[in-house]
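Sequences and hints are given; from them, build the entire structure.
The opening residue of the sequence shown carries number 458 in the numbering used here; numbering runs sequentially from there.
Think of the hints as simulated: they come from the structure by calculation, not from any bench. All figures in this text were calculated on a predicted structure; none of them were measured in a lab. A virtual CB, placed ideally from N, CA and C, is assigned to each residue, including glycine. Please note that the accuracy of each hint is not assured.
[Unchecked claim] In silico lysine to any residue, SDA-like type, Cα no more than 20 Å apart, as pairs:
id: 1; residue 1: 584; residue 2: 555
id: 2; residue 1: 584; residue 2: 524
id: 3; residue 1: 584; residue 2: 629
id: 4; residue 1: 584; residue 2: 655
id: 5; residue 1: 539; residue 2: 605
id: 6; residue 1: 539; residue 2: 527
id: 7; residue 1: 539; residue 2: 603
id: 8; residue 1: 584; residue 2: 636
id: 9; residue 1: 540; residue 2: 524
id: 10; residue 1: 539; residue 2: 526
id: 11; residue 1: 584; residue 2: 657
[To be verified] Restraint ranges, calculated between C-beta atoms of paired labels, are given here:
id: 12; residue 1: 638; residue 2: 531; range: 36 to 44 Å
id: 13; residue 1: 657; residue 2: 568; range: 19 to 27 Å
id: 14; residue 1: 569; residue 2: 517; range: 42 to 50 Å
id: 15; residue 1: 650; residue 2: 613; range: 43 to 51 Å
id: 16; residue 1: 638; residue 2: 609; range: 13 to 21 Å
id: 17; residue 1: 660; residue 2: 601; range: 24 to 32 Å
id: 18; residue 1: 663; residue 2: 540; range: 32 to 40 Å
id: 19; residue 1: 538; residue 2: 658; range: 38 to 46 Å
id: 20; residue 1: 631; residue 2: 600; range: 17 to 25 Å
id: 21; residue 1: 566; residue 2: 511; range: 40 to 48 Å
id: 22; residue 1: 541; residue 2: 663; range: 38 to 46 Å
id: 23; residue 1: 564; residue 2: 531; range: 37 to 45 Å
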Amino acid sequence: MTFDLVIAKLPGMASPTTAARPIRSPGSSRGPRMSADERRDSIIAAATEEFATGGLVGASTEAIARRVGVSQPYVFQLFGTKKDLFLAVVRSCFARIILTFEDASARWTPESEDCDTRLGAMGIAYKRLVADRTLLLVQLQSYAACSDPDVRTAVREGWGRLYRRVSDVSGASKEEIHQFFAEGMLLNLGAAVGLPGEARTWTLEMFEEGAP
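As structure tokens, then:
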């Protein structure tokens, strides 16, 4: 699966990229050298794929380096440790969700036919976003790794930043935002267990007795 990585320019974030690309060695005549930010972005994109399935413990930095076409020591040179790379992936995924919500809010107008609020537009956008199983699995892996205090801090900060941004751009009440995030977590569960059809058609009844 190709994960189109989008990274917001927030503190500690790298610049946007779209996919992991092979890195040219210094002096290579096969193409222009990539900038340091581009190299970091390519590694984060590859690491997103690996951490989505392997998690913090199971993912292989050797496999990540191989995806990008660099050495394993080079990955550590840029990120320090495997956990630091995992934290960068977690932050990039939160940033992607924030960008998606901001875009949905900016595109919404009172004349929109599919929803009547900015918050509703964000909800529709998230239903499309959660179809990206890689992004979904990274979210779940980040929650599972919260026994680590550094991961727990990154997840808390990410959720705090996400909540504040949704509140700022939606203009919704606290009760509406609470409902919005509660439904979002149900969408995560529905996608994780593979409910049939599209997210927009899911209902609570579909969880009854493990209904297929």
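Here is how each hint holds up against the structure:
1. At roughly 14 Å between alpha-carbon atoms, residue 584 and residue 555 fall within 20 Å of each other, so this suggested pair holds.
2. Of the pairs offered as hints, the one joining residue 584 and residue 524 is violated, with about 29 Å between alpha carbons and a cut-off of 20 Å exceeded.
3. Under the criterion of a C-alpha separation no larger than 20 Å, the hint pairing residue 584 with residue 629 is consistent with the structure, at around 19 Å.
4. Distance restraint check for residue 584 and residue 655: the Cα-Cα separation of roughly 8 Å lies within the 20 Å cut-off, and the hinted pair is therefore satisfied.
5. Between residue 539 and residue 605, the direct Cα distance comes to roughly 13 Å. Compliance with the 20 Å bound is thereby established for this hinted pair.
6. Between the alpha carbons of residue 539 and residue 527 the distance comes to roughly 15 Å, so the proposed pair stays at or under 20 Å and holds.
7. For a cut-off of 20 Å, the pair hint linking residue 539 to residue 603 stands: about 15 Å separates their Cα positions.
8. Using a Cα cut-off of 20 Å, the hinted pair residue 584 and residue 636 holds, with the two alpha carbons roughly 15 Å apart.
9. A C-alpha spacing of about 18 Å is found between residue 540 and residue 524, which places the hinted pair at or below 20 Å, so the restraint holds.
10. Our distance criterion of 20 Å between C-alpha atoms is met by residue 539 and residue 526, whose separation comes to about 17 Å.
11. Of the pairs offered as hints, the one joining residue 584 and residue 657 holds, with about 6 Å between alpha carbons and a cut-off of 20 Å not exceeded.
12. A hinted range of 36 to 44 Å holds for the C-beta pair residue 638 and residue 531, which are about 38 Å apart.
13. For the pair residue 657 and residue 568, the beta carbons lie near 20 Å from each other, so the given range of 19 to 27 Å is met.
14. The hinted range of 42 to 50 Å is satisfied by residue 569 and residue 517, whose Cβ atoms lie roughly 45 Å apart.
15. The given range of 43 to 51 Å is broken by residue 650 and residue 613, whose C-beta atoms sit roughly 26 Å from each other.
16. For residue 638 and residue 609, the Cβ-Cβ distance of about 18 Å falls inside the hinted range of 13 to 21 Å, so the restraint holds.
17. The beta-carbon spacing between residue 660 and residue 601, approximately 27 Å, falls within the hinted interval of 24 to 32 Å.
18. About 37 Å separates the C-beta atoms of residue 663 and residue 540, a value consistent with the hinted range of 32 to 40 Å.
19. At about 42 Å, the CB distance of residue 538 to residue 658 agrees with the hint of 38 to 46 Å.
20. At roughly 23 Å, the beta-carbon separation of residue 631 and residue 600 lies within the given 17 to 25 Å, and the hint holds.
21. The supplied range of 40 to 48 Å is met by residue 566 and residue 511, whose beta-carbon atoms lie about 42 Å from each other.
22. Between residue 541 and residue 663 the Cβ separation comes to about 39 Å, which falls inside the hinted range of 38 to 46 Å.
23. The hinted range of 37 to 45 Å is satisfied by residue 564 and residue 531, whose Cβ atoms lie roughly 39 Å apart.
Hints 2, 15, counting from the list given before, are not met by this structure.
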